[in-house]
Amino acid sequence: MVTLRDLWRTAFIVGAALGFGLCVILLASERPGDAIYAFFLGPFSNAYFFGNLLASAIPLILTGAAACVSFSASVFNLGLEGQVYLGSFLGVFLTCRFGELPPLVVYPLVFAIVFCCSGTLAALSGYLKRARNVNVLISTLLISYITIYVVDALIETVFIDPTAGLAATPYIHDKFLFARLLPPSDLHSGLFLALALTIILRIIMKKSALGFEITLTGKSPVFARYAGVSVSKVLTLSLFISGGFAGIAGITDIYGIHGRMFRGFSSGYGWNGIAVALIAKNHPLWVIPAALFFAYLENGANVGALLADITPEMARTIQATIFFTVTADALFSLIRKNKGGDAWTPSSTVSSL
Amino acid sequence: MDTFINSIVPMMTPVLFAALGGLFTHLSGLLNIGLEGLMLLSAFFSIYVAHLTHNLFFAVLAGIGISMLLAVFAGFLSLNLRANIFVVGLGVNLFANGFTVMLSSLLFSTKGTVFFQNLPKLSYIEIPLVHRIPYLGPILSGYGALDYLAIGAAVLCAIILYKTPYGYHLRAVGRDEKAAQNAGISVYWHRLYALALSGLFAGLGGCALALPLQTFVGGMTNGRGWIALVAVILGGGKPSGVFIASLIFGAASALSNWLQASAPMSPKLMMTLPFLITLLFMIVKKNNTEEGV
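So the sequences go chain by chain: A and B. Heads up, the first sequence is in our numbering, so the first residue is 1 and it goes up one at a time. Heads up, the second sequence is in our numbering, so the first residue is 1 and it goes up one at a time.
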């Protein structure tokens, strides 16, 4: 249910982010007029920029959905970045190995393997939680760091394209690349895959027994246990699905845009996915507009860097304001002059972690 | 081998500082995951001010100041506006990451390494008698001022937390919010102080990272803030435990650096060592159910 309160909240977050963006531009730019125009309207000014905006929303939709699943079960999967990285690398490796086969055979195979491997990487933290009571937030994060370094090591040594001039794998065969929808922009048919997967996730979360158990565990693990739900199994499964979606996010971006894996490939897809899920309040379908908004900020800064004198990193400071305001429920109560709401208090967060 | 042993303490210092900061917020019942971002901001500003003023004291002051400012702002968001401290912490990290690179390209017109050759150097202190002890001397003596300060700070924190009324009150707030409130202890102020202190120590950690290298690079903290958070949990929320956990990380980092220089292996693979060893300690350690996650 979307309430008026939710709309106010979203409007405020969007307004705060854009307002802060305006301030940063006014302070940092020497040609603020050009910069403001490029940042706010640039992404919509032509088909090329608009296509790129949609294209960069695709991985965010998928990582946003990934974060939704684990957040719904109240587990913080902070390893999305590593799961994206592993998925992309494995996907490229397998696609190169299966180079002879037709794409229609390779796609399902690669997607299934990537989903399972990235999912298992995340589910490992669920296992560690059950067996040794290791903090999930910390184990997903540490495992993610380790994964990124190991994959980097593989890219730099075993699976490197020596002619590339940077640490990158060889290109996959052209026949595997997704169709471009709006050339010359980056927009590719992976968009439909991302949309379909979020809808499937919505159905799983809303209609299936597993989805119900995940939501129940997230709301109250104690109650779920009394209701006969195996809480640790549900946590592990939600981490598995979460990691799987993150892996798919990575390989989709490779099939759609890059055609190969390189060092530093996932520049914050995982972290931004977390913000996207938070704006969407863990609702898989709201992930789509939230991801578009995030992509808009990113692309606005990129266009601004191209046409005016702002740096692309500016986007990150603006995105940070979203993290600052997104859960500040009392702020919205102040504005709306009513108290209450289901705020996440700091203490309840620590105890639920 | 000597260089390996002598590099343990300098590798430990930034993590130990940040972990002491994380200890205060942890004991007050908050999980400050913004340590990474606070360190990064402080690293940038300490280098920048050192470059402007050629004065290390001002540099450290600037690093601490900016870090405390952001930490208190995070406290305002979470305590006054009821934002989730965890999400605000992620915001702090993202903000610091973008803001430092943005400033670096505005002020120094580079997004890469900012290196200043003519910055004042941190002095290395030889402890008068100790450094002449055979074998042990070189291990105990000859570190930078900030290294000694970190170890001193750990001792000081232990005293503050276990021997002063403030320490008791702080731990009471973290143990049972309602009971503390009923006993007349202000939960709000203790949490805000704890966040300010975490800003102070994370700021010192950032200085200890950047000033000895005379360098700032985007993302140079490279997970140290997170490791500090692990050190707090691994150390069981005690200053002594936090010190030992930081020392383990320092040794793992030193080992990783040493192997990168001497073993014919992929340096990237060696860089997993600190994280791998920390994870293994997390797994082996007896985790009681109360601490959660």
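If you are wondering where the hints come from, they were derived from the structure by calculation, not from laboratory data. Be careful, since some hints might not be right.
[To be verified] To give a feel for the contact side, a few chain B residues facing chain A, derived at Cβ under 10 Å: (1) Leu31; (2) His51; (3) Leu52; (4) His54; (5) Asn55; (6) Leu90; (7) Val101; (8) His169; (9) Met270; (10) Leu279.
[What the hints assert, rightly or not] The list that follows gives simulated cross-link-like pairs (lysine-lysine, BS3-like), each with its CA atoms no further than 30 Å apart: (11) B:Lys163 - B:Lys268; (12) B:Lys285 - A:Lys233; (13) A:Lys219 - A:Lys175; (14) B:Lys121 - A:Lys219; (15) B:Lys285 - B:Lys111; (16) A:Lys175 - A:Lys206; (17) B:Lys178 - A:Lys281; (18) A:Lys206 - A:Lys219; (19) A:Lys281 - A:Lys206; (20) A:Lys219 - A:Lys233; (21) B:Lys163 - B:Lys178; (22) B:Lys268 - A:Lys219.
Quantities reported herein were computed from a predicted structural model and do not represent experimental measurements. In this text, a Cβ means the ideal position worked out from N, Cα and C, and glycines have one as well.
Status of the hints after comparison with the structure:
1. Restraint check, Leu31 (chain B) versus chain A: the minimum CB separation of about 6 Å is within 10 Å; hint holds.
2. The criterion of a C-beta within 10 Å of any C-beta in chain A is not met by His51 (chain B), whose closest approach is roughly 20 Å, and the hint is violated.
3. The closest approach between the C-beta of Leu52 (chain B) and any C-beta of chain A is roughly 19 Å, which is over the 10 Å cut-off, so the hint fails.
4. Below 10 Å, beta-carbon pairs count as interface contacts, and His54 (chain B) has none with chain A, the closest being about 26 Å; its hint is therefore violated.
5. Using the Cβ-Cβ criterion of 10 Å, the hint placing Asn55 (chain B) at the interface with chain A is not satisfied: the shortest such distance is roughly 26 Å.
6. For Leu90 (chain B), the shortest C-beta to C-beta distance to chain A is roughly 5 Å, which falls under 10 Å, so the interface hint holds.
7. For Val101 (chain B), the shortest C-beta to C-beta distance to chain A is roughly 4 Å, which falls under 10 Å, so the interface hint holds.
8. Because the beta carbon of His169 (chain B) sits about 16 Å from the nearest beta carbon in chain A, more than 10 Å, this interface hint is broken.
9. Using the Cβ-Cβ criterion of 10 Å, the hint placing Met270 (chain B) at the interface with chain A is satisfied: the shortest such distance is roughly 9 Å.
10. At a threshold of 10 Å, the smallest CB-CB gap from Leu279 (chain B) to chain A is about 4 Å, leaving the interface hint in force.
11. Between the alpha carbons of Lys163 (chain B) and Lys268 (chain B) the distance comes to roughly 44 Å, so the proposed pair goes past 30 Å and is violated.
12. Using a Cα cut-off of 30 Å, the hinted pair Lys285 (chain B) and Lys233 (chain A) holds, with the two alpha carbons roughly 23 Å apart.
13. Under the criterion of a C-alpha separation no larger than 30 Å, the hint pairing Lys219 (chain A) with Lys175 (chain A) is inconsistent with the structure, at around 46 Å.
14. For the hint pairing Lys121 (chain B) with Lys219 (chain A), the CA-to-CA distance comes to about 54 Å; that exceeds 30 Å, so the pair is violated.
15. Using a Cα cut-off of 30 Å, the hinted pair Lys285 (chain B) and Lys111 (chain B) is violated, with the two alpha carbons roughly 40 Å apart.
16. As the CA atoms of Lys175 (chain A) and Lys206 (chain A) are separated by approximately 37 Å, the hinted pair breaks the 30 Å bound.
17. Of the supplied pair hints, the one linking Lys178 (chain B) and Lys281 (chain A) holds, its CA atoms being roughly 29 Å apart against a limit of 30 Å.
18. Using a Cα cut-off of 30 Å, the hinted pair Lys206 (chain A) and Lys219 (chain A) holds, with the two alpha carbons roughly 15 Å apart.
19. Between Lys281 (chain A) and Lys206 (chain A) the CA atoms are separated by roughly 15 Å; this keeps the pair inside 30 Å, and the hint holds.
20. Among the hinted pairs, Lys219 (chain A) with Lys233 (chain A) is consistent with the structure: their alpha-carbon atoms are about 16 Å apart, no more than 30 Å.
21. The suggested pairing of Lys163 (chain B) with Lys178 (chain B) holds, with an alpha-carbon distance near 23 Å, which does not exceed 30 Å.
22. Taking the CA atoms of Lys268 (chain B) and Lys219 (chain A), the gap is near 40 Å; set against the 30 Å cutoff, the hint is violated.
Of the hints listed earlier, those the structure fails to meet are numbers 2, 3, 4, 5, 8, 11, 13, 14, 15, 16 and 22, in rising order.
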